[in-house]
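Q: The lines below spell out each chain.
There are 2 protein chains.
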Amino acid sequence: MVGAGQLARMTHQAAISLGQSLRILADSPDDGAALVAADVVIGDYRSLPDLQAFASGCDVVTFDHEHVPSEHVAALAAGGVAVRPGAAALMHAQDKAVMRRRLTDLGAPGPDWAPIASADELAAFGERVGWPLVLKAARGGYDGKGVWVVSSPAEAAPVLSSGVPLLAEAKVPIARELAAVVARSPFGQGAAWPVVETVQQDGICVEVIAPAPGLAPERADEAQALALRIAASLGVVGVLAVELFESEDGRLLVNELAMRPHNSAHWTIEGARTSQFEQHLRAVLDYPLGATTPTAPVTVMANLLAGPDDVKPASIDERVHHCLARWPDVKIHLYGKGFRPGRKVGHVTALGASLVDVRERARAAADYLANGDPA
Amino acid sequence: MVGAGQLARMTHQAAISLGQSLRILADSPDDGAALVAADVVIGDYRSLPDLQAFASGCDVVTFDHEHVPSEHVAALAAGGVAVRPGAAALMHAQDKAVMRRRLTDLGAPGPDWAPIASADELAAFGERVGWPLVLKAARGGYDGKGVWVVSSPAEAAPVLSSGVPLLAEAKVPIARELAAVVARSPFGQGAAWPVVETVQQDGICVEVIAPAPGLAPERADEAQALALRIAASLGVVGVLAVELFESEDGRLLVNELAMRPHNSAHWTIEGARTSQFEQHLRAVLDYPLGATTPTAPVTVMANLLAGPDDVKPASIDERVHHCLARWPDVKIHLYGKGFRPGRKVGHVTALGASLVDVRERARAAADYLANGDPA
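Chains F and H are the protein sequences, given in the same order.
So that you can map any letter, position 355 of the first sequence is 355 in the working numbering, and since no number is skipped, the others follow by simple counting.
So that you can map any letter, position 274 of the second sequence is 1274 in the working numbering, and since no number is skipped, the others follow by simple counting.
Treat the hints loosely; a few may be bogus.
Here are the simulated distance ranges between beta carbons [stated by the list, open to error]:
{"#": "1", "chain 1": "F", "residue 1": "D202", "chain 2": "H", "residue 2": "Q1189", "range": "52 to 58 Å"}
{"#": "2", "chain 1": "H", "residue 1": "P1029", "chain 2": "F", "residue 2": "S354", "range": "26 to 32 Å"}
{"#": "3", "chain 1": "H", "residue 1": "P1029", "chain 2": "F", "residue 2": "G140", "range": "25 to 31 Å"}
{"#": "4", "chain 1": "H", "residue 1": "G1080", "chain 2": "F", "residue 2": "P29", "range": "48 to 54 Å"}
{"#": "5", "chain 1": "F", "residue 1": "P374", "chain 2": "H", "residue 2": "A1232", "range": "53 to 59 Å"}
{"#": "6", "chain 1": "F", "residue 1": "P374", "chain 2": "H", "residue 2": "D1039", "range": "49 to 55 Å"}
{"#": "7", "chain 1": "F", "residue 1": "P213", "chain 2": "H", "residue 2": "R1101", "range": "28 to 34 Å"}
{"#": "8", "chain 1": "H", "residue 1": "A1232", "chain 2": "F", "residue 2": "A232", "range": "53 to 59 Å"}
{"#": "9", "chain 1": "H", "residue 1": "S1028", "chain 2": "F", "residue 2": "G140", "range": "40 to 46 Å"}
{"#": "10", "chain 1": "H", "residue 1": "D1039", "chain 2": "F", "residue 2": "D202", "range": "56 to 62 Å"}
{"#": "11", "chain 1": "H", "residue 1": "A1353", "chain 2": "F", "residue 2": "R251", "range": "56 to 62 Å"}
Covered by chain H, per the in silico footprint, the following chain F stretches (three or more residues, Cβ under 8 Å) [to be verified]:
{"#": "12", "stretch": "29–40"}
{"#": "13", "stretch": "166–179"}
{"#": "14", "stretch": "290–302"}
{"#": "15", "stretch": "361–373"}
Derived by calculation from the structure, the hints in this document are not laboratory data.
Quick reminder that beta carbons are idealized off the backbone N, C-alpha and C, glycines included.
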C-alpha cells in the first residue's frame, strides 16, 4: 500500500488476519502505519523510481490516498505491476473534472457543473445556474480544502488567477450528506454496505451514522445501485466511496468519489461482518468479497479531532483512561499521530439498538478524548 | 510481549487500535508476530540478559507463553521492570503442582491429586483414587504433551525414571470441558466473558462454542465467580483462562490455568464487544477493562489444524479463495505459519442465532481449509 496514514494502518490490521503482511511506502518512519508494520519502505510517492523499488516483489499495489501521479500509476502497470485500482479508474478520484465528465456521460445524478478556465466562463456558468456557486480545484483538495463558495466572478478572482485547474458546480440546497460505500473485485463481484449519513462540520466529516436514519429503503437501494454501477463502469477494484448529497427536494446527487478505504466506512470495523479494510484487501487480492451484514441495528462512528493545546487532563493517556472507564463498550481507534488542534487523530465507534443512545455515547466519548473536561 | 506466536500476533493487532505498538521478543524473524510487527527483538526468552535488553524502554512486559524461567521474571521485576502478570502469579500457570496446592488451599474444586516422586508414591495414590489415573509433568506440557493416562505403576515406569517432576490426578469421568476466561487489572477490576465449551480431540482443542450449550445459568455464574476468585487470590494481571471439567455427576473441576490470551477465547475477536487481546492489553496497561457483552447469540471458533501434505488443492491461497466464496460471513485468521500436518496454523469464527447452523459453518470452513476437497 502506497501511503502510511491511518488507512494503511487499519488495512495492515486487517491483513494480519488474512495471513498477509502489508508492505507500506511511507514518507517517514513516524507515519501511523509505519509505526506498526513490519515491512516499511521509506520513499516518495511522487518518484517513479521509489514506486518501482517499492513495488518490486509485491503481489499487488494499492493506495491509501489519491496523490500518486497518474502517469506513475500507469508506468507501474506498464512495467508488469498489478496496480489496483488501475490508473484509468483512479483518475476519477484524482481529478474532479474528469469525474464529473464521466458521471455526466453515465447519466449519474450530480449538480450542474462546468470546467472553468477564465472569469468569463465562470460568469457565464453563474448566469446559468445562479449565485452563489461552488468553485473547486480539480485536483488535490480534501476535507474542505480546495473548495470555495463564491458569489461573483470578482470574489473568485484570487482563485482564478492562481493557475489551478478549476471546475464550478451549482450550489444545491442540501438536506444532508450520505455515503454509499461498495467494493468491487477484478472478477467483477460487487458488495455494498448499508448507506450511511455523514455529518459534516466546517467541511470535515465528524460523525457517521449507519444506517442513514430515516432513509427510505428504495432510496437506499438507489444509492447502492448507483455506487455499484459507477464501480463497474469505471472498472474500480477495491473500495469505492460515493459521497452523496441528499437535496432538500429529495434527490441524490454525487458529490465526490474515493477509491480506497474511506472515513465514511470506519464504522464497518465493528459494525459490519466484513470491514472495509478486509474487503479492500479481498478485492485487490481478487479473493471473493465478504458479507456486508450489519452486526448491530445502529452503529455510530465519531472522528477524534484533536482539541486545543490546553485541554485538561493534558495527557491523552489519562483521557483514554477515563474514557474507557466511562464508556466500557465504546471502541477507540488511535492513529499513532501527535495531537495538534483540529488534526484527525483517531475515531471511536459505538453500537446498539437505539440511535439516540448510540449517537450520544459516540459523540460524548470522542468529545471527551478531544476536549477533556469542560473548562 | 515475550514470545512471538499467534497470541502475540493477535495482541499486536489489538494494540494498534489503542494507539500502541507491541514490542515483541521473538526466537526468529519468521515467527508469526515478528512477520507483522514493527518493533521486533530477536532473542532467547531463557536468557536473562536477552530479557533485560528487550525490556529496556518497555512500559510493561507481558507474555505469550509460560516458558520464561520464573527466576528471570522475578529478576526483571527486581530490576524495576513492570512485569504483568508477576512471577508469583505466573508460577501457578508454570507449575501444575504449585497450582494444585494453591487451589486446594483456596478450596477451589479440582480432582484429587498428589505430587509424585517415586513408584511407591504413585502406587499409594492409585490405591487411594483408583486406576487408571492421570500422570502429568509439573512443567512444560501443553496440548496433551506431558500428560499420560496410566493403569499401573509399571506402566508409568518410563515416565517415573525420566527425572521430570510429576504430579498425579484422579481420572474423573467427564461429560465435557469448559473454560471460564476472565481478566483482572492491577487496580483489581475483573471482567468475565461467557463460559464456553471447548471440544477436544486427542488432547487438542479443536472447537470452542460460546456460550457453552445448555449450561445452567447458576452453573455458569459459579464458573465465572470461581475464575474471578482465582484471579484475585493469585494476584493475576491480564487474561486468566480457567480450563474446567464438567464431570458426569455435574460438578465443575479446575483442570488447568493459563495467564495470557488463550485459545478458548479467540472467539471474542468477533463474538464479544471487547476481545481477549484488547482486554489483556487494557489489563496489563492498567486501563479500565472493556465490556465483555457477546455480539451474537452464538459464536463458534474452530481451530485450523493443518491436514496431510497431499491436500488438494495444494495451495492454501486457493483453499482460502474457495472458503471465502463458500462462507462469505465466516472470518478467517491465519497465523503466518507454514502448514505442517497437525500444526495449529489458524482459526475460523462463525456467528449467528442458531447453534446447529453456526457450528456447521465453522467446522466445515476449518475442515475445508485444513483438508481441502474430499479425496
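Q: Would you pick out the hints that fail for this structure and give their numbers low to high?
A: 1, 2, 3, 4, 5, 6, 7, 10, 11, 13, 15
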